Each structure stands twice: as C-alpha cells, then as structure tokens.
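Kindly produce the complete structure, drawing on both the sequences and the hints.
Chain residues, written in single-letter form:
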Amino acid sequence: MTEGVPLNWVLILSGVLFSLGVLGILLRRNIIVIFMSIELMLNAANLAFVAFSRAHDNLDGQVIVFFVMTLAAAEVAVGLAIIVALFRIKGSVDVDRARLLKG
Amino acid sequence: MERVTEKILGWAAVKADITEWWFVLLVLAFPGLGALFNGTIGRRLPRNIVGLIACGAIGLSFLSGLSLLLALLSLPPPQRIIHITVYPWLEAALISIDFSLLIDPLSVTMVLTVTFVSFLIHIYSVGYMGRDPEFSRYFALLNLFVFFMLTLVLAGNLGVMFIGWEGVGFCSFALISFWFTRKRAAEAGRKAFLVTRLGDFGFLVATLALLATFHTLNVVDIAHALRHDETITPWWGTKVTATQALQMPTRFFGLTLGTLLCLGLFMGAVGKSAQFPFYVWLPDAMEGPTPVSALIHAATMVTAGVYMVARWHFLFDLSPLSLTVIGVVGAFTAFYGATIGCVENDIKRVLAYSTISQIGYMVLACGVGAYGSGIYHLITHAFFKALLFLCAGSVMHALHDVLDIRKMGGLMKRMPMTGITFWIGALALAGILPGGLFSKDMVLQPVAERAWALWWIGVLTAFLTAFYTVRLGLKVFHGQPRDRKLFGVAHESPPVMVIPMVLLAVGTLASGSLWVPIFLGHGKMLPEFLTPSLGAPFEASPRLEGIRAGFVFAAASLGVALALWAYGRRPGIMAGLTQHFPWLYRLVARKYFVDELYDALIVRPGRRLSERVSAHFDVGVIDAIVNGVGWVTARFSETVRRTQTGFVRNYALYLIAASVVLLLYSFIRGIIER
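Order-wise, the sequence lines are chains A and B. The opening residue of the first sequence carries number 8 in our numbering; numbering runs sequentially from there. The opening residue of the second sequence carries number 171 in our numbering; numbering runs sequentially from there.
Calculated from the structure, these hints are not laboratory results. It is possible that part of the hints are untrue.
Just some of the chain A residues that point at chain B, by a computed CB distance under 10 angstroms [as the list claims (entries may be wrong)]: (1) 27; (2) 33; (3) 34; (4) 35; (5) 36; (6) 38; (7) 41; (8) 43; (9) 80; (10) 82; (11) 97; (12) 102; (13) 107; (14) 108; (15) 109.
Using 20 angstroms as the maximum straight-line C-alpha spacing, the simulated SDA-like pairs for lysine to any residue come out as follows [said to hold, decoys possible]: (16) A:109 / B:257; (17) A:109 / A:94; (18) A:109 / B:260; (19) A:109 / B:804; (20) A:97 / A:81; (21) A:109 / A:99; (22) A:109 / B:329; (23) B:761 / B:583; (24) A:109 / B:398; (25) A:109 / B:811; (26) A:109 / B:809; (27) B:185 / B:329; (28) A:109 / B:807; (29) A:97 / B:260; (30) A:109 / B:805; (31) B:185 / B:255; (32) A:109 / B:824; (33) A:109 / B:820; (34) A:109 / B:806; (35) A:109 / B:513; (36) B:185 / B:260; (37) A:109 / B:822; (38) A:97 / B:738; (39) B:185 / B:245; (40) A:97 / B:818.
Because the structure is a prediction, the values reported are computed rather than measured. Just so you know, even glycine gets a beta-carbon here, dropped at the ideal spot from N, CA and C.
Quick look at the structure:
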C-alpha cells in the first residue's frame with residue numbers, strides 16, 4: 008500500500024487517455040468536443056509527468072504540471088473566443104463547415 | 171609626348187601622342203554629340219534648334235578638319251603621316267588593336283570633302299524635311315552617319331575602320347527605311363543591309379587573316395613591314411619576311427595569301443560601293459529621303475570602298491592579279507550602270523545607276539594603280555552627284571514627290587535656279603564642264619596607258635554617261651510639260667534648299683582646280699598633296715595626254731549631241747527604237763533581270779529554308795520545351811493542390827500522422843541502438 012500504484016499502470020492509463028483524445032480530435036465533428044479532447048490529451052500528459060515525478064522522487068515533474076495547466080487555461084480562453092467568432096459567422100459548430108481555405 | 175619616327179621609303183610615319191593632336195577628336199566629337207543630343211531630347215525641341223545643332227555640329231567639324239589641314243601643312247611633306255593612339259583596346263599576347271587614328275593627306279582630304287558636302291546637305295535638309303514629323307530622328311541619324319563616316323576615314327587600323335564601316339552601314343539602313351511604315355522603304359533598308367553584309371564577310375575574313383599574319387591591323391605598321399620586308403611570324407609559325415608571307419600559295423585555286431587578302435578587302439568594297447554584283451541595293455535605296463540619297467548614296471558612304479582601297483594601296487600594289495580584278499570590275503560596272511541609266515524613267519534611279527557607274531570609274535582608276543585619280547574623281551563626284559540629287563529633291567518637292575520623268579517637262583521656266591544648277595552638275599557628270607571633265611580625264615589617262623582595252627570601255631561609258639545625263643535634263647526641264655496639272659503647281663524651292671545647291675555647283679566647278687590637265691596649266695595641287703599617302707602621281711607624256719583627253723571629250727560631246735537630237739529635235743525617235751528592238755529594250759529596262767535572278771537563286775530558297783526551320787525547330791522544339799515546362803508545372807501543382815482540402819480534420823490527421831511517424835522513428839532507432 009505504501010508503494011502506491013505501479014508506474015507502468017499509470018503510464019498505460021496516461022497513454023490510453025491520450026489516445027482517446029487523439030481519436031476524439033480525428034473523429035468528432037463538434038468543435039467543443041474536439042476541444043475537450045485536446046484538454047484530455049493535455050491532462051494525460053500531466054498524469055504522466057506526475058507519475059514520473061512520484062517514481063523518481065523529483066518535484067520537477069509537478070512543477071511542469073503547473074505550467075501545463077496554465078497553458079491549457081490560456082489556450083482554452085483563446086480557443087473558445089475563436090469558436091464563438093466562428094459560430095457567429097457560420098451558425099454552426101460543425102467543423103466540416105469551415106472550408107474556406109480549400110485550395 | 172613620345173615620338174617614334176620610322177622611315178618608309180623616305181617618308182616618315184610619325185607616331186604622335188593624343189595630347190598634341192587632341193583637336194582631331196573634335197572632328198569626331200561634334201557630329202557625335204549632335205547625334206546624341208538630337209537623338210535623345212531633340213523630340214521636344216523646336217525645329218530651329220534641332221536644325222541649328224545638327225548643321226552647326228557638321229560646320230564645326232568642318233572647321234576642325236580645316237585645322238587638321240593647317241596642322242598638316244605646317245609639317246614638311248615627308249612627315250605628314252601621323253598615327254595617333256587614342257586609347258588602348260585589345261591588348262593580348264599575340265595581337266594588339268587600339269583605338270587609333272591616322273592623320274595624313276588622304277584622310278584629311280576625305281574629312282574635308284565629307285564634312286563640307288555634309289554641311290550643305292544638312293542645311294538643305296532643314297528645308298526638305300521641314301514638314302516631316304520625325305525631324306529630330308532624321309537629323310540625329312544624319313549626324314550619327316557623319317560621325318561614323320569620319321571614324322572610317324580617320325581610322326588608323328582596320329579595326330577602327332570596321333567600326334566606321336559597320337556604323338555607316340547601320341545609319342544607311344536606318345535612313346533608307348526612315349519612313350519605315352512604308353513597306354517598300356523597309357524592304358529596301360533590309361536589302362541594303364543584307365547585300366552589303368555579303369561584302370563585309372570578305373572584308374572581315376581578310377581583316378582576320380591580316381591580323382593573324384602581321385599581329386596588328388595598323389596601317390602604318392603593316393605598310394612599314396611590307397616596304398622594308400621585315401621578318402614576321404604569321405600564324406603558321408615560321409619566321410618569314412613580309413613579302414614572302416604574302417606570296418605563300420593557299421588552298422584556294424593556288425592564289426597567294428596576298429591576293430586573297432586583297433580580294434577579300436575588295437569584296438567589302440564591292441558591297442559598300444555598289445559595284446557589280448553587289449550593287450542591287452543602291453537603286454532600291456532611293457526609297458529614302460532625297461538628301462539621304464545625296465549624302466550617303468552618292469557622296470560619302472558609297473565611296474568608302476574606294477577610300478579603303480586607296481588607303482591600303484601598298485597591299486594591293488603587291489598583288490597584280492587583284493588589281494586586274496579590281497580594274498575589270500570597275501570598268502564593267504561603269505559600263506553596266508551607264509546602260510541602265512539610259513532607259514530608267516525614275517529621276518532618282520537614273521542618278522543611282524549613274525552613281526554605280528561613276529564609282530566604277532573610281533574603282534577602275536584604283537585597279538590600274540592610279541589611286542590619286544580615283545580619289546580626285548571621288549571628290550568631284552561628291553560635289554556634282556550630291557548637287558544632282560539635291561536638284562532632283564527640289565523637283566520632287568515642287569511636284570509633290572513625283573519621280574517619273576515621263577510626267578515632267580519644261581520645268582526650267584518654273585524652277586530656273588534648280589534647272590541651272592542641275593545643268594552645271596549634269597555637264598560636269600557628262601565630262602564637259604571642268605569638275606567632272608578633269609577628274610574623268612585623270613582617271614582615263616592612266617587606264618589608257620596601262621590597260622587600253624579598259625580605256626575603250628571607259629570612253630564608251632563616257633559617251634553613254636553624257637547621253638543619259640542630257641536625256642534626263644531635257645526630259646525634266648525642257649520641252650513640253652507632259653502633265654499640265656503638275657506643271658501648274660511647280661514652283662522654285664525656298665532659299666534654304668537653293669543656296670546649298672548653288673554652293674555645290676560652285677564647288678563642282680572649283681574642284682576642277684585641284685588637278686588640271688596639261689593643256690590647261692597642269693595644276694597639280696591634289697596629287698602632290700596626296701603623295702605621302704599614295705605615292706607619286708601618274709605622269710603621262712603631254713602629247714598623248716592631250717590626244718586622249720580630246721578623244722574622251724569628243725565622245726562625251728557626241729553623247730550630248732545625240733541626246734539633244736533624240737530628245738530635243740526628234741522626240742519620237744527613241745520610242746521608235748524601242749519598238750524595233752523590243753527584246754534589247756526589255757533586257758536593259760528590266761536591269762538585265764539581275765534582281766529577279768538573285769530573288770530566284772538566293773532570296774526565295776533562303777526564305778523557304780528559314781520558314782521550314784522556323785516551323786520545325788523554333789516552333790516544334792524550342793516552343794515545345796518552353797511550353798512543356800509550363801505544362802509539367804501545372805500538372806504537378808494540380809496534383810499537390812489536392813492536399814489543400816480545407817477540412818480541419820484532414821489537417822489534424824496530417825499532424826497526428828506525422829507525429830506518429832516521428833515517434834515510431836525515434837522508437838525504432840532507440841531499439842536498434844540497444
């Protein structure tokens with residue numbers, strides 16, 4: 008019990024969460040859901056960092072998590088602003104509708 | 171200042187410095203600057219200024235030429251050959267060609283003739299071209315022409331001479347096709363350029379061979395080498411004396427190198443001076459403005475060939491065969507041109523064929539070694555032929571550019587000044603009045619002595635010359651006007667045109683004083699002056715000289731009389747003759763079908779060839795490659811463009827796929843390195 012969860016399992020969880028995030032980006036059409044998937048990917052990375060920090064008894068990993076969270080927050084702010092602007096033009100959150108850059 | 175004197179048979183060629191003779195550059199600078207000025211901003215200037223600059227430039231050039239003459243006269247005759255290197259040009263291990271000028275009696279004589287006649291023609295042009303919209307371009311080109319002509323004349327070596335040679339060829343082309351929107355003018359310009367190019371080919375080959383033999387193109391150096399039989403190292407390596415080098419037999423029919431060089435140079439002269447068979451461009455060149463015909467195609471450019479032969483006489487003297495060729499070509503052309511002149515009905519073309527014929531005389535003189543006589547006839551011809559052309563221009567101006575003499579007649583009453591000056595020039599041409607009479611005599615005397623067969627041709631030509639000249643004069647200025655309406659509008663030309671004509675008439679008569687035959691005082695100003703350049707002049711026994719001159723004069727008088735009778739007393743007789751010998755008339759009137767022959771043999775096949783090459787190669791290969799490059803690029807971009815779908819999710823896929831690949835790559839590398 009004092010040893011906690013084995014490192015490998017946490018890493019596998021992190022990997023699975025990350026993969027789910029990737030699949031979400033690739034397969035979902037709703038922009039908000041894509042955003043949530045991005046957040047999922049970021050959190051998966053956070054989990055991996057914390058796991059390694061625990062395993063090597065090094066607080067550096069946890070410091071990085073702070074940075075990542077800040078970054079994620081900023082990104083969400085900007086990203087949602089863009090989505091709102093897009094919605095105002097397109098009238099939809101369907102990402103397939105945004106095809107103006109088709110060349 | 172550095173002076174190196176070398177003895178050439180008692181005459182010393184001086185190599186002087188430009189700082190001492192800087193004023194020779196003025197002769198060239200004034201027309202050059204005039205051309206530059208009028209060519210660039212002349213468009214926006216009023217016509218008075220443009221004309222003033224152009225005429226003034228030539229006038230100043232003439233004065234500079236006079237200063238050259240005075241400078242030359244201040245030297246003793248043996249030292250009157252001055253070679254000046256203005257600026258280095260091509261300096262290589264084996265060859266050396268610089269921008270150099272040669273000041274000697276021959277070149278100064280030419281400079282004065284060219285600038286003086288040019289000056290008068292420029293003034294005349296102000297009147298003649300007064301209403302032309304392209305006034306400034308005309309004068310820019312005319313000044314440019316004089317610049318190049320003077321370069322040719324003052325050249326110290328064949329390189330600089332060639333610059334002038336080509337330059338006058340270009341200006342001639344530009345001025346012949348001055349009214350280039352007119353198809354015939356454009357074609358005439360092209361024809362002139364291409365035909366003279368043929369001659370230039372021979373000229374260039376000879377120049378290069380000369381360069382390869384003597385490693386220099388300087389007149390004084392080559393003359394020196396030949397006169398002193400120096401040892402040189404031609405291109406084939408062995409050291410030989412100069413004369414031996416020229417006597418080397420070659421692969422071309424066993425002719426010697428010297429002969430080939432002379433023939434090559436002469437080929438250039440044949441083209442430029444419109445001798446047979448390269449004369450065909452000159453009659454067509456009459457499409458250009460009449461002052462251009464007067465200046466370029468009578469007085470100056472066409473005489474460049476004669477000048478070149480005279481300048482290189484020491485080379486031609488060493489090859490009697492080439493001199494024979496030159497003499498025969500000259501005599502034949504003189505006769506040939508005169509025959510066509512008898513049946514032409516276009517006022518300018520009669521004069522054009524007359525020019526061809528008269529230059530034949532000059533060439534003939536050179537062919538028998540009497541270069542001074544050739545130059546003398548060149549000078550007098552410049553005066554009276556320019557005068558005749560200007561009179562023709564005056565007539566055309568008055569009759570709204572009608573050229574056909576069959577529509578003229580009786581113009582003397584309406585244009586007396588033109589008529590009188592015309593007759594002065596015509597009789598000089600015919601060999602009756604002093605200017606032309608004396609020079610023609612001086613040409614024929616040595617021919618009689620050295621090639622009597624050619625002399626008879628010359629006499630016959632003199633007869634024909636007198637005949638067609640008087641014919642022209644009578645048909646234009648006398649008799650009943652054939653077109654009443656034209657006659658009605660005829661008027662005398664304004665003074666700006668008449669005064670140059672009068673001055674040229676005076677000049678024609680005055681030029682006779684340069685070299686007077688024995689029975690009239692035997693003034694020898696010209697030949698004595700030219701001796702340093704051309705050697706001693708021809709001397710005949712006085713009695714023979716008198717007899718021959720009398721014979722030629724009689725032949726000319728007979729021609730005059732015949733023309734007066736045929737066109738004055740019995741107007742229908744010539745028409746009657748043409749009925750009796752229709753084939754002969756047709757032959758001559760169609761200029762012996764030479765143009766048709768050239769067209770069939772050269773022009774048409776050439777055009778067919780170029781059309782075929784153009785279709786197969788230019789369109790088929792070159793265009794295919796260029797278009798092909800474009801086509802490939804377009805196809806490629808079409809393909810690549812398909813990745814730009816605009817789908818955000820596609821882009822996300824590319825992103826993730828790429829990162830997967832990178833990940834796998836580092837993963838596998840990690841495994842391999844373990």
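Quick rundown of the hints versus the structure:
{"no.": "1", "hint": "27", "result": "violated, 13 angstroms"}
{"no.": "2", "hint": "33", "result": "holds, 6 angstroms"}
{"no.": "3", "hint": "34", "result": "holds, 8 angstroms"}
{"no.": "4", "hint": "35", "result": "holds, 9 angstroms"}
{"no.": "5", "hint": "36", "result": "holds, 8 angstroms"}
{"no.": "6", "hint": "38", "result": "holds, 9 angstroms"}
{"no.": "7", "hint": "41", "result": "holds, 8 angstroms"}
{"no.": "8", "hint": "43", "result": "violated, 14 angstroms"}
{"no.": "9", "hint": "80", "result": "violated, 22 angstroms"}
{"no.": "10", "hint": "82", "result": "violated, 15 angstroms"}
{"no.": "11", "hint": "97", "result": "violated, 12 angstroms"}
{"no.": "12", "hint": "102", "result": "holds, 5 angstroms"}
{"no.": "13", "hint": "107", "result": "holds, 7 angstroms"}
{"no.": "14", "hint": "108", "result": "holds, 5 angstroms"}
{"no.": "15", "hint": "109", "result": "holds, 3 angstroms"}
{"no.": "16", "hint": "A:109 / B:257", "result": "violated, 66 angstroms"}
{"no.": "17", "hint": "A:109 / A:94", "result": "holds, 19 angstroms"}
{"no.": "18", "hint": "A:109 / B:260", "result": "violated, 63 angstroms"}
{"no.": "19", "hint": "A:109 / B:804", "result": "holds, 18 angstroms"}
{"no.": "20", "hint": "A:97 / A:81", "result": "violated, 24 angstroms"}
{"no.": "21", "hint": "A:109 / A:99", "result": "holds, 18 angstroms"}
{"no.": "22", "hint": "A:109 / B:329", "result": "violated, 66 angstroms"}
{"no.": "23", "hint": "B:761 / B:583", "result": "violated, 33 angstroms"}
{"no.": "24", "hint": "A:109 / B:398", "result": "violated, 87 angstroms"}
{"no.": "25", "hint": "A:109 / B:811", "result": "holds, 9 angstroms"}
{"no.": "26", "hint": "A:109 / B:809", "result": "holds, 14 angstroms"}
{"no.": "27", "hint": "B:185 / B:329", "result": "holds, 18 angstroms"}
{"no.": "28", "hint": "A:109 / B:807", "result": "holds, 14 angstroms"}
{"no.": "29", "hint": "A:97 / B:260", "result": "violated, 75 angstroms"}
{"no.": "30", "hint": "A:109 / B:805", "result": "holds, 18 angstroms"}
{"no.": "31", "hint": "B:185 / B:255", "result": "holds, 8 angstroms"}
{"no.": "32", "hint": "A:109 / B:824", "result": "holds, 15 angstroms"}
{"no.": "33", "hint": "A:109 / B:820", "result": "holds, 11 angstroms"}
{"no.": "34", "hint": "A:109 / B:806", "result": "holds, 18 angstroms"}
{"no.": "35", "hint": "A:109 / B:513", "result": "violated, 81 angstroms"}
{"no.": "36", "hint": "B:185 / B:260", "result": "holds, 18 angstroms"}
{"no.": "37", "hint": "A:109 / B:822", "result": "holds, 15 angstroms"}
{"no.": "38", "hint": "A:97 / B:738", "result": "violated, 103 angstroms"}
{"no.": "39", "hint": "B:185 / B:245", "result": "holds, 14 angstroms"}
{"no.": "40", "hint": "A:97 / B:818", "result": "holds, 15 angstroms"}
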